[in-house]
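Take a look at the letters that make up each chain.
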Amino acid sequence: MSDFLLPVLTIAWKDVLLELRTKEVVTSVLMFALLAMVTFSFAFDPSPQVITLVAPGILWVAFTFAGILGFNRAFTLEKENGSLEGLLLCPVSRDVLYFGKLLGIFLFMMVMELMLLPFFAVIYNLPVLDIKLLLLSALATLGFSGVGALFSAIAVNTRSREIMLPVLLLPVASPIVIAAVESTRAVLEGASWGEMGRWLGLVAAFDVIFLIVSSFVFGAVLEE
Amino acid sequence: MSSATIAQPSAIQVKGLYKSYGAGPVLHNLDLDVGWGERLVLFGGNGSGKTTLVKTLATLARPDAGQVQIAGWDCRRQGAMLRRSIGVVGHQPLLYEELTGYENLRFYGRMYRVPQLDERIQLLAEMVGVAQQLQARVRTLSHGMQKRLSLARALLHDPPVLLLDEPEAGLDQKALERLDDVLASKEGHPRAVLMTTHNVERGLALADRVAILARGRIAYQAEAKGLDVAAFRQTYNSYLGAAQ
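Going down the list, the sequences are from chains A and B. Oh and the first sequence: position 155 is 950 in the working numbering, straight run, nothing missing. Oh and the second sequence: position 63 is 154 in the working numbering, straight run, nothing missing.
If we strip away everything but chain B, and leave its shape as in the complex, we get:
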């Protein structure tokens, strides 16, 4: 992590974000702040804008209005530097099916200019549990194994900020435990995590802070510590009901 990155007070800073696709706004005057070392878990119903938010933070979607900064890098003017600071796990594994796991990681490692790439690939493959499958073509791997590889791809350049969009989808219990280990590990620096999920128990267990996205903005947020699962589920359901 560069000294410029550490100097920023917030890992993720979003102010007045608007994003629409045609008919109506998906994100509507959204403000969000995630500190260094903080794990924010974002809940929201289908179509609430969670994926759009992650895509906008990751510079895959251009905001219509508002400000997005990650590690101090502006999403419009400093996109390449911003992307160097993030690791993204989405719904899809973002891997080439006809290449092996090793070739995929090597390709992305070169794009990110990761030093001592082979050692890094080996370390991450063991961390996420795909070391035995590295030489197999991605299309021959199960969805769960592809998701594990995808996690290794996201961590390859040791990003200070992780954006995870429903990362648990398709993962078995063992893989979920590895994901929890990865999220808990600091790798020598305080990593900020923004994760979206529908799973209330897992979300609360992993989070330092929770938030609910409804009608395109953060409708609720609270410290996760001491939050009662049943009470939170009720709050969450009330926002889901209101959104429908």
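So that you can see chain A by itself, here it is in the shape it has in the complex:
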């Protein structure tokens, strides 16, 4: 177990340390997501019925596009000075590298979401600080980060990586984003755990499929 877990944690910690040093991603991503939330708040009639209908979409649009900014940066940092090759030279299997990068991206996304949710609650006057929503966010973010880690590894070797990543990622990640939007709406409408079950199950199923497939493909993507 430690052959797997220790290097995964080491890679994730390295990514956290790099982000703490530069603070480039957190700042730009938070600004982008916050701006999206504020802009949408002026676009719709602020009645409770309309807000409950559109707010889940606004929330996940902000998370999704902010996430893409973060994914791009996660592998761009690895390309500088050839450190991606350094990582590939480490005596661990390629899936360990994948889960290490995934954990770093997942932590980054979760911190970003936890910082944004209170703003979202204030702007849209919605009770979003709910354990059901937090669990759902964590599950959906795990799957989204899983696909994001794979596709950002693909996109980083292309010339127009900033454009390639959303083009590749969004069609594949859309089932998770749609499920996240639908289940967020269910939470905001006061659905019970039982009513949430179908959507949570769907998100969890996508997570399992995406993580397994991505971890298998990751090595082939990075080797020349």
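The hints are simulated quantities; they were obtained by calculation from the structure and are not laboratory data.
Computed Cβ-Cβ distance ranges for the label pairs, DEER-style: (1) B:138 with A:833: 52 to 62 Å; (2) A:953 with B:230: 18 to 28 Å; (3) B:281 with A:1011: 35 to 45 Å; (4) B:290 with A:952: 23 to 33 Å; (5) A:996 with B:231: 48 to 58 Å; (6) A:830 with B:264: 50 to 60 Å; (7) B:207 with A:1015: 29 to 39 Å.
Everything numeric in this text was worked out from a predicted model, so none of it was measured. All residues carry an ideal CB built from backbone N, CA and C; glycine is no exception.
Position chain B relative to chain A; hints supplied.
Chain B alone, transformed into the frame defined by chain A:
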């Protein structure tokens, strides 16, 4: 070095290696053998496939066909074990610019699960001459200092096989002397070295055996001992001319 490693007759064994990128083959039915304790210096012109060979040996590039074994580990089936047996210095330092030298070495040391890591980092930093710069961020260091750190990174886990792709690029005379010391030191076991270079004098001085890579295969090889520099340079130039 594990007993399984020592049991292998060759440190590096390559048979019938093919590797291509799109248009044509870069490596073409290449055979290569490097024994334990042997230093093979590989010469070759630009585009002859030296870097591709090093990348393939290091499992950074997947061979199209052929067999690659290092310390007995197969590059396709036992990549992680193979990587534990090698230290690689390439054109780039393979370091994180925003981390300090110490943090970089600590990160790689943990990935390689190096015991008594702090002592090892200190020892290597002194060996390659970066002990004073360990706490500085890599991006603030000169290219030469980054290259020295890169050498320390490659030696961190005391690998029995060293793959060096033009390691002298960007190093000053003092650093070159340290590199020679490192290559000469055995650290308690016979280390195999495969080094690529364009510098004929340095290559011959360091090598036990020299080889020339041309048109994707080993076109010439000879024992370095007693080899005349001028005669070898002429041979090398003839292969460079033929390749163009």
